[in-house]
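Trainee: Protein chains in written order, with my numbering: chain A, 1 to 248; chain B, 1001 to 1248; chain C, 2001 to 2248; chain D, 3001 to 3248; chain E, 4001 to 4248; chain F, 5001 to 5248; chain G, 6001 to 6248; chain H, 7001 to 7248.
I should point out that these hints are in silico values taken from the structure, not numbers from a laboratory.
Source: prediction; values computed, not measured.
Each hint should be verified, as a subset may be incorrect.
Claimed, not checked - Lysine-lysine pairs mimicking DSS-like chemistry, simulated, CA-CA at most 30 Å apart: (1) D:Lys3147 to C:Lys2118; (2) F:Lys5118 to G:Lys6118; (3) H:Lys7147 to E:Lys4118; (4) G:Lys6147 to F:Lys5118; (5) A:Lys118 to B:Lys1118; (6) C:Lys2118 to D:Lys3118; (7) F:Lys5118 to F:Lys5147; (8) F:Lys5147 to G:Lys6118; (9) G:Lys6118 to G:Lys6147; (10) E:Lys4118 to E:Lys4147; (11) E:Lys4118 to H:Lys7118.
Number of protein chains: 8
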Amino acid sequence: MDRERLRQLLENVRSGALDPDAAAEALSDVPFVETEHARVDTHRALRHGLPEVIYAPGKTPEQIVEVMRVLLRVEQDVLVTRLEADTAEFVVSETGAEYDPTSRLLWAGRQHVPLEGKGTIAVVCAGTSDLPVAAEAAGVATRFGNKVETLHDVGVAGIHRLLDSSRLLRSARVLIVVAGMEGALPSVVGGMVDKPVIAVPTSVGYGASFGGVSALLGMLTSCASNVTVVNIDNGFGAAYVATLINRL
Amino acid sequence: MDRERLRQLLENVRSGALDPDAAAEALSDVPFVETEHARVDTHRALRHGLPEVIYAPGKTPEQIVEVMRVLLRVEQDVLVTRLEADTAEFVVSETGAEYDPTSRLLWAGRQHVPLEGKGTIAVVCAGTSDLPVAAEAAGVATRFGNKVETLHDVGVAGIHRLLDSSRLLRSARVLIVVAGMEGALPSVVGGMVDKPVIAVPTSVGYGASFGGVSALLGMLTSCASNVTVVNIDNGFGAAYVATLINRL
Amino acid sequence: MDRERLRQLLENVRSGALDPDAAAEALSDVPFVETEHARVDTHRALRHGLPEVIYAPGKTPEQIVEVMRVLLRVEQDVLVTRLEADTAEFVVSETGAEYDPTSRLLWAGRQHVPLEGKGTIAVVCAGTSDLPVAAEAAGVATRFGNKVETLHDVGVAGIHRLLDSSRLLRSARVLIVVAGMEGALPSVVGGMVDKPVIAVPTSVGYGASFGGVSALLGMLTSCASNVTVVNIDNGFGAAYVATLINRL
Amino acid sequence: MDRERLRQLLENVRSGALDPDAAAEALSDVPFVETEHARVDTHRALRHGLPEVIYAPGKTPEQIVEVMRVLLRVEQDVLVTRLEADTAEFVVSETGAEYDPTSRLLWAGRQHVPLEGKGTIAVVCAGTSDLPVAAEAAGVATRFGNKVETLHDVGVAGIHRLLDSSRLLRSARVLIVVAGMEGALPSVVGGMVDKPVIAVPTSVGYGASFGGVSALLGMLTSCASNVTVVNIDNGFGAAYVATLINRL
Amino acid sequence: MDRERLRQLLENVRSGALDPDAAAEALSDVPFVETEHARVDTHRALRHGLPEVIYAPGKTPEQIVEVMRVLLRVEQDVLVTRLEADTAEFVVSETGAEYDPTSRLLWAGRQHVPLEGKGTIAVVCAGTSDLPVAAEAAGVATRFGNKVETLHDVGVAGIHRLLDSSRLLRSARVLIVVAGMEGALPSVVGGMVDKPVIAVPTSVGYGASFGGVSALLGMLTSCASNVTVVNIDNGFGAAYVATLINRL
Amino acid sequence: MDRERLRQLLENVRSGALDPDAAAEALSDVPFVETEHARVDTHRALRHGLPEVIYAPGKTPEQIVEVMRVLLRVEQDVLVTRLEADTAEFVVSETGAEYDPTSRLLWAGRQHVPLEGKGTIAVVCAGTSDLPVAAEAAGVATRFGNKVETLHDVGVAGIHRLLDSSRLLRSARVLIVVAGMEGALPSVVGGMVDKPVIAVPTSVGYGASFGGVSALLGMLTSCASNVTVVNIDNGFGAAYVATLINRL
Amino acid sequence: MDRERLRQLLENVRSGALDPDAAAEALSDVPFVETEHARVDTHRALRHGLPEVIYAPGKTPEQIVEVMRVLLRVEQDVLVTRLEADTAEFVVSETGAEYDPTSRLLWAGRQHVPLEGKGTIAVVCAGTSDLPVAAEAAGVATRFGNKVETLHDVGVAGIHRLLDSSRLLRSARVLIVVAGMEGALPSVVGGMVDKPVIAVPTSVGYGASFGGVSALLGMLTSCASNVTVVNIDNGFGAAYVATLINRL
Amino acid sequence: MDRERLRQLLENVRSGALDPDAAAEALSDVPFVETEHARVDTHRALRHGLPEVIYAPGKTPEQIVEVMRVLLRVEQDVLVTRLEADTAEFVVSETGAEYDPTSRLLWAGRQHVPLEGKGTIAVVCAGTSDLPVAAEAAGVATRFGNKVETLHDVGVAGIHRLLDSSRLLRSARVLIVVAGMEGALPSVVGGMVDKPVIAVPTSVGYGASFGGVSALLGMLTSCASNVTVVNIDNGFGAAYVATLINRL
């Protein structure tokens, strides 16, 4: 139950449209619902103003469905991240949720999330191999109520492509920059704008990429001062923080 | 020359208070001034709305003074970071700048920087040994025109101290959380607020702290989704990003 | 043969219930029984007061059954750890042992192990993905004769859930705290109690988790002084030490 | 103020020996005393039953003296760790505390701490270079009210020396084993006793010792199940946990 | 063609038993035979006095058979290492070689290799999981003409088992000690004998074992001075060097 | 003695200007001259066409002078690298060589080295702190007979400065790009030119720079295919290879 | 469209052989063609004088075919690298391209690429396991218009094989040296020639090879000054740079 | 007391030259003498046939002298390693021992140690910077009763120097090869001989040498099978093992 729905429910009580008893029942769930495998935090949307997010790895399809049902029962939107296609099939068939294989995101809830972000979040990525992480960031930011602009395939070794898009970059309120290998893109983008840049290293690459470590280190030591960093492949985290910033 | 001064100058031209020739001369510096050792970017304040910052390590006191003079000549505020006390003495005597030994910051320019941040930046730190980094973050944020609240000595092993300050934490618009050792503080603070948290690992600790690596890894893998990370001991970078966010 | 059984046997000899010759035969096994692949230490329970434990990885099902039979012949309880479900099937069918798929523990021996621990061991874990390791710790501690309380899904980013359980935490004599990612939970729990806390890092996480290294480092550098650490995913080791402590 | 003193004070109030007003004043310090540089936790001894411990590195002699005075004013014992000899000189002259250069411990408070540990803590170390860490562990354990036995210079490459001391090892209730280089001593000692062993890696060694990392890894992967590990050189932490265990 | 065969051949020429032309043909192979995929060094046995060894990983079964045929044609013994069981099947069927699945060694050539080592090589290993590496070492040493004694399952946490075998250890001329996890066994064995000890770390273990790195570091930093180290899992290399030493 | 001098000497013999005996004496030094501490390779210039280079660290001033004298006696130019200022003073006073404190290079030999490189070597660096390494590269390349263009203070976070210099970059035949921190500059430069780029990571930076490792990894994983890498701070090596390329 | 074709096209316009309109159409593609998944840079060959190269990992067969078609439509040669055999089958069937399974290279375009390199590129490798990387380097260099000589199976432990080939090595204009394990080959080769050596570490090896890290470090710290390094297994990158050098 | 002296003493008793009481007194020292800071093992020479060795780092000059006196009293030779020049001065003045500053070895005892090694130990090193470690190895081997041949400055990048010395290398019974940087020398030497090669990595180098780690890894992954490795800079350990081998 998010803030807007809570406000609506209380409004309905005041207006007489809703019986206090029914309202009480709707509110009766304690913040935690204990399922067999987890405490589900049904008031999270209320506290943080965002849908509940389920991180799929390590959970069985049955556990995911179990938690989703608890949340959907209290009319809370649900976003599942890092859901592999084969697992998604079962969850979709059980819950009717939407699934996007590129970003590996699954969504259940309102069709259209109202825009709550004040400006645009730009999601920039270097190569086609970084697309899944960028798609996760863009998909999450959209589901969290932001206008999102994406810019793909603009690596630092072809700097002219990036410069061609400087208007788009400068018009964003927050930027998420996704890059693997040497992870230099956030530094260059960071120097082109005066807005916060959230850098996401990806595990793309081989050899001395060390599963994203090189990109991570490159971003942490960026010579652009407006860059902060999240974990390797953490498109979700970047979108989460960008959303909080975009609501300020 | 920052935006406000530029606007004022042009206003003066329009009002006749300033002769166009004099204005031209004032504007005549190309964006770069080449000194013996560096290209000084005199329009940076104009482009980014922030004073020029000089990172002291690896520069001689003479080089620092040389760059400062170029900037002060075009009436730009200057902030020097990581300036050791013994080097500072010479710079202060040459330029009359203010120096704070805890944060190792040196400042030359306007006495009072107008508040441009819309809310408060909270600077939180775990232990007394993290104080220098926290002081750098707080000092920079203040010089960049923000209202700053500080909260010290609230480690996660004494969680009650932290909870006692939850009102202060929740009232901030952006939070900078500084911690060494296991670097767990940003996760706990992140769970208490719904604002962006910028985590700064410090090189404090011994043994398996590995000069801040443990804290860095802990922050990158934080289970709180509203946490982004900057480089070890990078109080300046945290304050820079927090400033950009606080101006949104 | 554990101490209790040895005492009973000697008691029976004294009382005449057991013929000295039969007793001698029962005691005749030398401490080591050489099987084809291993020296089995049949007096371990006697020396350490705990059942023999077989670490399954790298052993064939046949080897496991071979060692189990040697031990069961001398009436010693057997606990097998890290046994994958497919291997377990064969072992169960050959020996009639009990198997739990979550903790991957297999048990053969007495149905009820007498309580020998003086207090309660609390097993606390952060997220649902840490459950297998926590289940191993809880299962082993139970089989070793301890009263065990478990507390799941209490991550540091939702500190209120943890505080709600402070009574449970404070009532334990020893605590095992299991966490992946940044591994901050032992620090927070450690600050809430004045009992020994055994921290178990898990390999849960991605990117900068580095297979549990981040959690491990976080625990080693914990700012709570009552925390000691065991190897990544080593729920067994934590339960073993907790058992020794709980018998003091 | 520790528990015993608190009990005594309340007893005195009940018996009329102490005026309620005086008692109130004695208790009036809130748990935190804010000094210029730190919140001092004056009730820590009360909560945990141990003296306050000050970790010296990163603190100036003046800061250490300032905190000590706050604590001594409320009659709390103070232990300072990792205090270098040159800093110690000032602190001793200001406070009259005792200082031991080998363990780098400084103590202010009661001359004789009553024995509260139920058994003996054995402190074992491999080589003469590990002595400072072992001395820290032994010194802290003694100041925390334990009977301590020490055993030095018993490396695994001269296993007979260790075996000669097996009686001493087996008579301990808890063991602290300190070793650098390959860190194998805790494994061997762990196999000789059925009590908890707390392993302390030291930064002694060169080359592939990597400042204690090799010893740390060796201890974490010990084949003895009764071994837990603390941070490199953390003799204090080992003694702290051993004390908690010895009071059970 | 090894030295002995070369000597025999020349002897036969002298005695008239072999026609010089036939001898010339037998010797006509240049030291390198170029096959499609490799230069085969047919005189290696001559130069080093050992059979040619083929390291299987990265080679197809066909490549292995191709090289073996070149060598067998010049009557040179062939030893293949690290040959997986499924690949071995094809090689055995093509060449009639002998294969041992535990050590993953394949042998083609003389049934009995004459003893050329002057003493015994002891191969000692800690746990059952180290057996494959120990078996490789023992198998190679045997094929290289050494008398080999093996001692299994003597971990440092059960030091008495090791001491029971001290006579066997002391009677060896060279020792190969195989261990995973903390890799402490070579230190203890090294302290018990005054002969060279070749330590082989194994990749056995989990978590902080890091695929054998912990054992490797432990062996490199051994406090026993008679220990040298080979690569992780390199049972072959240990046997090779032990053979050279045993021939001195 | 380099090739040119050898040719000249032989020419002089042919023309009668030089007596064959004198020529023989001049050529009589065997390729190695054994000094007390090193074999000096007096024909290196002949073989490789470059002056002898002495790497100063780990050598005493006396050893450096000793080797220089051997080389100067056979009229070979000498370049000393990484010579600290205090050591240089002694060497200069003994040999009359030239010393440059920024690049830490010392030179003894011909005043003007003839240009042998066919084009220009560009030496580009990111920040003022990278200057010493860039100066070493530029100084060595000059002494090795190349035309050198330098471009300083063009970091990737201010991409416009770099683009302003694209003509200079494109006119070079080989480029040496020096950068610390995230080491992104070679990628961007590499994308702007179609010539070989030799990347030199520097140890400049703090925290997650890890003494140049981040820059090194960034360069190794560069998305620009025309980038190769040398060791951290190895300005000399970069100039050496650039020289070889520039002579092709 | 490469430079030669562009020149030809313009020549045809001048000679009247090509209608300006047709020429315009041929040139009408903007430098980027946007396909569904990537911006294809159709003028790359024009800018850099080399065919477009597609790095296969992370791309579906369909994406590869899609990009290839765009490029082939503008008559540009296409080289695909790191294409696994099973994926290649589909691409070959769709496009009729040539595929080599050892080097994992796929080629579509002109049958014979004109020689543009001025000398020979030598590709040297240590063991048979390094062959795939060496084959990639040799294949790419050939397709890029170079004469290539290959030398296989010349490890440093059999130094005479290498010396036998010194003539071949010295006749090359650029050398690519491929090696795994200790990566020493480039140092030895580097000492034998006075031409640039590009070292390619391979991920071949086990244990302390750490997936090529040991070879990489060995090459970066090579005592031969004419060695530069590319990423682990990056045969393509080595060939790319060698091509640029060979065209100088 | 070493074996020879023990035999002599018993011989004297048999012949009547020594009174049994005097002999008893001479033998009366228990194997350990407890000094204030260490248990000194006075029978070590007897057990291992080598003088006692004192590792100086971490010991005060006074402690070293104290241990030396205990040993000298029982007529045992003493070798001190890694003794810095300033500490040595005191020890020499107190004990009259000999000190060599290059190898940092100090020796007290018999002037001439009888040759007990059966052949020659060759000590080979790559560069002048590796000399201290090579000198330690050579000095220790000499003091341990071996004939030692040294070969300096034979790096792999100048392979001809090494080949010139192949006779010397082949005549050794055991070889110690010392190298920093890429550590390739043992591989090349290992391929030239059929004797055991003990490789000693040195901490010489900068950047990616990582204090000897690169050399260490290169040696562990050597493609020469007769190479074993000791710790970084451990010239002593190499000499110790070489001595044991040379006595076989």
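Trainee: Next step is simple, just say for each hint if it's right about the structure.
Mentor: Status of the hints after comparison with the structure:
Taking the CA atoms of Lys3147 (chain D) and Lys2118 (chain C), the gap is about 23 Å. The hint holds against a cut of 30 Å. For the suggested pair Lys5118 (chain F) and Lys6118 (chain G), the alpha carbons sit about 15 Å apart, so the restraint of at most 30 Å is met. Simply put, Lys7147 (chain H) and Lys4118 (chain E) have alpha-carbon atoms about 23 Å apart, close enough for the 30 Å limit, and the pair holds. Straight-line distance between C-alpha atoms of Lys6147 (chain G) and Lys5118 (chain F) comes to about 23 Å, which keeps the hinted pair within the 30 Å bound.
Taking the CA atoms of Lys118 (chain A) and Lys1118 (chain B), the gap is near 15 Å; set against the 30 Å cutoff, the hint holds. The hinted pair formed by Lys2118 (chain C) and Lys3118 (chain D) meets the criterion: a straight-line CA distance of about 15 Å does not exceed 30 Å. Distance restraint check for Lys5118 (chain F) and Lys5147 (chain F): the Cα-Cα separation of roughly 9 Å lies within the 30 Å cut-off, and the hinted pair is therefore satisfied. As the CA atoms of Lys5147 (chain F) and Lys6118 (chain G) are separated by approximately 23 Å, the hinted pair is consistent with the 30 Å bound.
Between the alpha carbons of Lys6118 (chain G) and Lys6147 (chain G) the distance comes to roughly 9 Å, so the proposed pair stays at or under 30 Å and holds. With a C-alpha separation of about 9 Å, the suggested pair Lys4118 (chain E) and Lys4147 (chain E) falls inside the 30 Å cut-off, and the hint holds. Annotation: proposed proximity of Lys4118 (chain E) to Lys7118 (chain H) holds, straight-line Cα distance about 15 Å (limit 30 Å).
The structure meets every hint from the earlier list without exception.
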